[in-house]
Each structure stands twice: as C-alpha cells, then as structure tokens.
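Enquirer: Spelled out from the first residue to the last, the chains are:
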Amino acid sequence: MAEALVLKHITKTFPHPSTPVRAVDDVTLTVNENEFFALLGPSGCGKSSLLRLVAGLEQADAGEILLSGQDITSLPANKRPVNTVFQSYALFPHLTVADNVAFGLRMQGKSNIGGAVIDALKLVQMESLADRMPAQLSGGQQQRVALARALVNRPKLVLLDESLSALDYKLRREMQGELKRLQRETGITFILVTHDQDEALSMADRVAVMDKGKIAQVATPPEIYHRPASRYVAGFVGLCNFVPATALGISEPGEVGFRPEDVSFRTSGIAGQVTQIAYRGPVTHYIIQLDSGEEIIVASPRNDAAVPGARVNVNIDRGRLIRCAT
Amino acid sequence: MRNVKPLYLLSPFFIVIGVFFVMPLALIAVYSFLQPGEYGGVEWHFSWDAYTRLLFERDFDGKLTFNAGYLIIFMRSLMLAGTCTILCLLAGFPIAYHMATRPERHRGIWVLLITIPFWTNLLVRTYAWMLILRDEGLVNGLLQHVGLISQPLPLMYTPFAVGIGLLYSYLPFMVLPLYATLERFDWRLVEAAQDLYADRGQTLRRVIIPISIPGILAGCMLVFIPSIGSFLASDLLGGGKQMMIGNLIQMQFGFSRDWPLGSALSVVVMAIVMLGLMLIARKGEGTGGLV
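Quick note, the sequences are listed as chains A and B, same order.
Under this note's numbering, the residues of the first sequence are numbered 72 to 397, in order.
Under this note's numbering, the residues of the second sequence are numbered 24 to 314, in order.
These aren't lab readings, by the way, just hints derived from the structure by calculation.
Glycine is no exception: its CB is placed at the ideal position from the N, C-alpha and C atoms.
Mixed in with the good hints there might be a few duds.
Computed far set for chain B versus chain A, every beta-carbon distance over 10 Å [stated by the list, open to error]: (1) Ser70; (2) Ala151; (3) Leu212.
Residues on chain B that point at chain A, a partial pick, calculated with CB under 7 Å [to be verified]: (4) Asp72; (5) Arg211; (6) Glu214.
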C-alpha cells in the first residue's frame, strides 16, 4: 500500500511562562493511502497539535513531514494539498453555503467550479440549502458544509479535528456512518482526531493512541483492544481489570489484564463477593471483590445474575488475557 | 395591574431625548423658515427666502440669478470629509488590526494610548501641528539639522497640512469602532482560509475585511459626519484660503447676523448626512444590524 503521509521524528514545543510544553514528542508515523486513520487520546495528549502540524497551521521544531513522498515540512498551510474540518467548523459567516464550499477552488484560481460545488454539496446531501447563510444552519448541517468545503478540493488528506464532538449523541452516530461512507466513496485519506474511543474503534482502519505527546501504539482497532501495548492503552480504549497473576492461579510474576466481558459467572472457579451493580443497557456491570482482595468488573448480558452481597464464582477466559510490560 | 403599561416610566427617556436632541434641531428647522432680524436673531414671518438664497442671488431689483457659491462650498466640504474618511480608514485599519492581535493584557494600554488625545482640546492640538509643520517647526528644523534640505519645505498652508490635521483629529473615531469589531473577530476563520489555499492578501480581502464591514461603516460614519462640519484644520493649517461649510455656518450666526441662512445651511447638511446614513443602512442590512 502506498504511503499518503509519513511523519519522521516530529517534535513541537510550545513556549510557556514557567515550563515549555512539549506537545508533540518525537512522533514517527505512517498513514497509508485510502486509509481512515484515527488519532486517539485524552485532551492535552498532543493529537490536535499533531494535526495542526500536518495542516501547516503550526511549524514543527524538528522532524520531517512527507505527503505522497514529497517533503512538505516547510510549506505554509495554503500550499499544502490538505484540508481540515475544524472542531468549530469555522464556516465563513459572510458567505453562503455554496460560496463557502467554492472558497478553496476560487483561492486556487480555478474557473468553472459550479459543477464541482454542486457535486460536493450533493455528496453531503446539502444541495437544497446551497443559498443559505451558515447562521441559518443547524450544527449537523454546518458539519456537512464543512466536510463539503474540504472534499471539493480533492485534497490528498482530509483532517478532522474532533469534528463530531459538538454534535449530540444520535447525530454523532449518524455522522460517523456518513463519514465512513464519504471516505469510501471519495477514496481520500482521512485522519480523525478524537478522544472518544468508541468513535476511533468503530470508524478507523487503524488507530494511533497518543500519550503525553508520544505515540503509545499504532494498530487496527481489534489489535488495540485485545492486544494493547501498555496498561495506558488498555485503560484508554475500554475498561480493563488488572490483577496479580497469582490471584487467578497463574504462576507468573507481575499483573495480567482482562476485559470485563471476558469474565463469566460459574458454579465453581475464583470466588468473590458482589459489592455493586451498574446497569448499562446491553450489559450489566458487576463489581466483585475477589477473596484475594482485588476488585474486578464483570460485564454480563444478564441483569439478574447476582445481587449485591451475594457470593459468586467467576471464570476468566485464559485465551484473552492481556499481558503488557508497563 | 399587569395590563397597565406604565408609560410614565419612560418619561426620563423622553425628557432627555426631547431636551437634548429634538428641541435644538426643531429650533434650527423653524429658524430656517423665518426672516433675519436687522441686528441678529429672527423675525417671526414665514419665508422660503433662506433656502432660495442657497442657490440664487437676489439683484437690486429683486431678480434671482443662479449662484453656485454655496454649492461649491458644500461640494468642497463633502470632498474634504470624504478624503479625510478614506485617509482615516487607510491609516486606522492597520492600527486597529495591530491592537486587536496583541495579547489580551496589552490591549487596554493600546486603547488608552488611542484615547489620550481626547484629554486636550482640539484647538490646542491643532495649534501644536502648526508648531510642527511651520517653516521653523519641528519637521523642517530636523530635516535641516540632518542636512537633507537647505531651505525649509513649504508644509504649512497646503492641502497636505489640512490632510494631516484632519487625519490626526478624526483617526481615533475610526480606530475605536474598527478595534471593537476586530477584537471580536474569530481568528480561527483566518486559519480556515489559509487551510483553503488563501494567501495573506486573499485572507485579508476575502475574509477579514468583509466580516469587519460593520466596524468599517461605523468608523466611516463617525469620521465623515463631524468632518463635514470641521473648519479648524482648514482654517489654521490651510490658512483659511478656502471656506468650508463649517466656516460658512459659523459666519451666519456671527458677523453676518443671518440666522435663517445659517439654519437653512445646517438643515441641508443634516439632510445630506441623513440620506447617506439611510443608503448605508440599506446596504448594511446583511451585516448584522450594527449600522
């Protein structure tokens, strides 16, 4: 597979009165062509800074950025064939929807752009609102216009900066599906920045989990979930129980991890007591204090498996144990 | 009691508006339709005469002939006010832009600096410009001292001096509304423009300026309106070679003792300004209702 974007040892430090903040710390990363890539991490982990470096809105202190093999490290934002869908959408308030979408093409001096603009608006099902002003649109509609405004330029890369986080839950689900469809239809490489692990796991072909300016792991969503490289990754992409291996009757040093859904109630096995129950809809979480002292979470599709205070026995799927060094 | 609209609560508003805005203007409007008193003041006989005399001259035998004198003064004042507005906009926009892009804690200082000239009377400040521009003044003295020129440049009593004076007097009125608009500007839009292939010039022309139109219009109004009636700069720095509307009106209430003519001139100036404002308001409908 061809490489759309290659980052080599990218570092960015922001000046700060007391201590300079190293937002991006020696990041090396490859994004393939036609890939839906997600940068996942908590706020302040440097994922948005990394995106701004790729867009050209910030300049890296060190490192190299290659776009389709070309070095674009020193190119300003307006010379990079990369378009961003901003978190705030940043639609131009004085221009109609159609003029917003046409902006990028006009700035490149292209003529006969009417057809391309209509096509882009059709792609996001906004052609009927082409003459509206941004202030007359709902959040979801503004999001679609922002997408069309990026896609119409047929860039090598579309960057989505927490683009869905301002939408309510139902609309976000809808737009997630929509984004997937658009990425498949256009064949453009998408990089999505998000702090929502569900979003990253459900949409991306590959996910990079970031921690304090560094890449913690890059892998496909199932790999990230089932074979996390560190406790940090395991904890960030879902709930994970960590207990000493000996508590599970395994004779090895250190701790092992397992997901709540990989534990099941049995008539015999590891014994403990239910301390708390949390109903979650499709599953119910039972918090169980093992007799060895550790507290674990068990997820079960049944909501009547036990009552608080009950003595239970659980079995852990040995094939799904997570072993990570740190 | 909910249904009773206590209109009397609005009375302070009506009193202030009435005393300070409506009454003086109404007085001027009424005076413009009266006849001049022999020794100043007015005589209470209705007459169109003041308005007729704006464009026509009355011969000894009472025949009217067209006289463009006042019209020329009007046009000259409008031109001067227009030039002043454009100069202020050209100089004020970069200043306001600079102020609005400073760190937030520095902006207050900049606003203070811009308003410092208001602490002193305009007449005094215009005299100061005479000291700067005259033959033995600061500019000529400095240039001669450095040896760039041997003879003093004729700076005083030129259109250049009038321009400088007007620009100086009205620049703060342009900068402050522009600053107020640019300070609220969403700079993420500039990033969006750059991301969409716009260079610096295109970003300024296609994004920053169009979105700042309400501030630009407000600034232009605040400069244009008072500068129509201004005469200090043209009197002191231009040598009073050319009469302005302001001079003319002042003269009617002074030694010409022709209050109706002065009032008629004032009413016409007001009408012109009002017409301009209405045009701007109609054009500015889509700009957020600031104008």
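Enquirer: Determine for every hint whether it applies to the structure shown.
Expert: How the hints compare with the structure:
1. For Ser70 (chain B), the condition that its CB be more than 10 Å from all CB atoms of chain A holds, with the nearest at approximately 51 Å.
2. At the 10 Å boundary, the C-beta of Ala151 (chain B) stays outside the reach of chain A, the nearest C-beta of that chain being 41 Å off.
3. Here Leu212 (chain B) does not stay apart from chain A, with its beta-carbon only about 6 Å from theirs, under the 10 Å limit.
4. Residue-level restraint check for Asp72 (chain B) is violated (minimum Cβ-Cβ distance to chain A is 50 Å; threshold 7 Å).
5. For Arg211 (chain B), the interface hint holds, since its Cβ comes within 7 Å of a Cβ in chain A; the closest pair sits about 5 Å apart.
6. Hint on Glu214 (chain B) holds. Least Cβ distance to chain A is approximately 5 Å, under the 7 Å limit.
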